[in-house]
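**Q** Residue numbers (the working numbering), protein chains in the order written: chain A, 6 to 302; chain B, 54 to 362.
In case anyone wonders, no lab produced these hints; they're calculated from the structure. All clues given are correct.
Label pairs and their in silico Cβ distance ranges:
id: 1; chain 1: A; residue 1: Val51; chain 2: B; residue 2: Pro354; range: 49 to 57 angstroms
id: 2; chain 1: B; residue 1: Ile101; chain 2: A; residue 2: Arg265; range: 39 to 47 angstroms
id: 3; chain 1: A; residue 1: Arg73; chain 2: B; residue 2: Met91; range: 31 to 39 angstroms
Quick reminder that beta carbons are idealized off the backbone N, C-alpha and C, glycines included.
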Amino acid sequence: MVKEKYSVEELNAYKKRSIASEVWRNYKKSPSAMAGLIVIFIIIVVAIIAQIVYDYDVDIVQQDIMNRLKEPSSEHLFGTDQYGRDVLIRVLYGAKYSLSVGIVSVAISCLLGSSLGLIAGYYGGLVENIILRACEIFMGIPSILLGIAIMSAFGQSLLVLMFAIGLVYVPMFARTARAAVLPVREQEYIEAAKVSGVSDLRIIFTHVLPNSMSPIIVQITMGVANGILTASSLSFLGLGVPVPAPEWGAMLSSGREFIRDYSYLTFFPGLAIMITVLAFNLMGDGLRDALDPKLKQ
Amino acid sequence: MIRYIIRRFLMMLPVLLAVSFVVYFLMDLAPGDIVSMMAPQDATEVEIEMMREEMGLHGSLPERYFRYMKNLLKGDLGMSLSMKRPVVDVFFERFPATLKLAFGSIIVAMIISIPLGIAAATHHRSWLDGASMVTAMLGLSMPSFWLGLLLIILFSLKLGWLPSGGSGSFASIILPAITLGAGQAGNLTRITRSSMLEVIRQDYLRTARAKGVSEKKVIYKHALKNALIPIITIFGSTLGNALGGAVAIETVFSWPGVGRLTVSAINNRDMTLATGCIIMFTIFLTLTMLLVDIAYAYVDPRIKAQYSK
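Bound conformation, chain B alone (with noise of 0.2 angstroms):
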């Protein structure tokens, strides 16, 4: 177990540069620099080089991405070019605000998915299943910041309950939370229906059945607990996807997280913020796959044997 957790540390590495050699590259390709942005309107050609000097983007492609990846290996993000503050300090300010709005998407998905999931799966084939399978497509197939405007038109302009913008209160992660949520509140759905499903038709609840439990508690104690497996497993790509969500939502709503500081990064041409977001992103993203999968050991012994292979 121990030498896997070292091993998928020791993969991050290279995939870890990888992605800041794309994104690096892909915003050098793109035009204007944030240097001829900045400048004065009446700075010489002399003046605009020392600015590309003291910014740090002096020099071929290669050789500015060389010194970005040799301080990035010594774990230095380097600075903002339109901040004039260190990466880290900025995305670890904006960090908390897109994360909170994660994990209340993400509540707000089970608090809907799992047990609509469960009134699909044991009311099969009934109208219950059919329109509990409809409300999970939609929720997949609406765009997240349509749902953010509607919610915004209803609750904040018609009705004028909940601010539709700003992260002041509680009130104010709410709609944010809901539009984020329901996007991923689909996928749990059917997930938690198709694994109940499976679960379901096991022996063992017969068994359960036979010996007189009763119904509530076959299928709330007996089959969710492992109906619930396969859901902790998504539960990386979930937070990943409420992650990348975000960047729309966070726009939508106004919110002070790291998903619009990338893309104002990205449109400022702000190289360095922009790389060491997407970045911290990636870091992230990672270690919650491995702590998923570390956790989905510690929920099944059978996928812990297979590790230790």
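Here chain A stands alone, though its shape is the one from the complex (with noise of 0.2 angstroms):
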């Protein structure tokens, strides 16, 4: 039987079920993605963990020569590297790295171009051609080029890692927000608030940014996910975080030269790096669907 009449409170409470919890029913829905959800938290939950448990220069850095390059066994899961150093206590520690590198940059990428793509959006004309052609010149440069050049330009460390990834990918979401902008744009509800006199500003944060949301959300996941494959790549090619810090892709890396006998030193990283990625696009696949199920096909 359909009710007929509701009261204030039910319609109250309908309201406020429909924006978060109807993306949350949606998400659950999908097992990939709570997979990846489910991953994520542990990986944060394992990199916290090894903060608190493990210390920095005695169980991370400090050689132990008597033990270097042990084969994986009950003592040693994954093994001991050419130092002695356990893998596995590295590869544990070493998420904070990748997590935190692709986390902060993508909260400067996603904050920096989704302000110029809100901008670029909203106000077009001669504003929209300077930001879309500004980010068209830094899109041509290949961006493990340009974060190379930004690494070797500012120095190597953990905060210019964060920030040249960050860099790289600014057009990425300033595009993403602009092409979210547009269609907003038009609406009938953005000129009944210019006509009204609410500044620009405000429009800009009430009304376009919360229907432009989507499209920004589902980038910012996909985006950790590929600023954690560039910052291992860096790492990979000795422009990351310098040694010894356990960082997965500088691991790779000195692990490469003992690939002939000792190929466990490579694996254990590189499986790390692809777990975490995985887990965040698959978060990003299940976030699309959620926020808008029209697209799932």
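From these two lone chains plus the hints, build me the complex, please.
**A** Right under this line is the structure:
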């Protein structure tokens, strides 16, 4: 039986449920998206516990020549590296580098890029043209080469790496945000807000942004995945987090010397990168479907 | 159409100038310069200053950049500081190798992704669909240099079937092309699948089926042709990704291409070579994008109509 009258509370409750929880309800339906979310959660917890349990100077970087290059065994599940350090502990501890680079760099590129994209899309005209052309310039340079150039200009450190990758992906966010704003710009409620004298800034934040969020949110999760991959390639090329920090790309690169006889040194750090990136990609896919069920085929 | 092409060409110029400025500026910021790296240990101040002048590195940053830019506008990328040879010569000596690798990887990507994408779309929501999507996702998430190393471990070191580096024979391109192609294949599979799924629902396919065309012909003749259009459009970005990805892959397989050349130029602070290589990369990418857009117009008359507006 269909209820004909709803109380105000019931209607309000319905309205509240309709945004975030609707997305969550859709998201939950996809097992792969849930798997991604759970894996990300586990990686974050592991990264935090590893910081507490292990001491950087003793467990992570201290050399133990007696135990060098031990194959994986029950004592050292992932074996030990050329300096006798436990690879498993280093991989667990290293999660923090990839996660923080991925997350901070995306925060930088999302803040900068989305603002530029919102401005470009909202104002149009000359401003839009300038911003889009600037994006084209930066997208013309292959991202890894731009990353290398920035890293060599400002020196190698975790902070510069975050900044470099953040900068590299600014154009992508700008373009995504602009494309998302375009259909919103023509809506009547924007015109109504303008006519009633609402300031541009307020229109952008209260009307434009909420209505063009979905693609930006999806880009954020995909951006973390891309950021982690780019960061690990830079470290692999020797231009990322400096040694002896257990960054996964750097571990892979130093294990490469021993690839002939001790291939586990390259196997485990790479596996860790892949699992992390995979989890963020799955989450991004799930979010895209959950935010816009129409797109799902 | 011609006007559109000319406009695109003219737009390239400011982009290239800006790219040259960004890269030149970044290279200038980098600590340590090539002159002090190359000068003999007992060189005097005067000698170092003379070397600087010889290499065209004297004066302030704006002075140096304007000198560089003036030559650039004449189409002269200058001399490589570390190799003492024109940048253009050095670049084109190594470029074919990178191009070969990039195209090889795209061929690998297409061989994997088009059948996989079609299978996924025609068996929508079956185990086949699931399996191909998982494969695509793995390809997208794997660090390419890691895959390269795993392939070396398996096929070069354990089985000894293929060489792990160099570029002498056809066999030597197989592993790098697969490595670089795997990541592209992930993307291409997903695009083939979704564009195929869209086409499959179109009325003209129903018409084709209704008039009794065999299912095989419906898929491969009527559907695939239309589904390929979006795949062509991303060819430009695929090639771009392949060229960018080649930087790490060339290092893994010691492939003598421009990716490795650029990285070593940046590391050696060879400003002219690094800037020149990146400018050439950008020119090549922009030209590819333009060609792709033109090809797109020929494949799809609807797009052509848009350009002539």
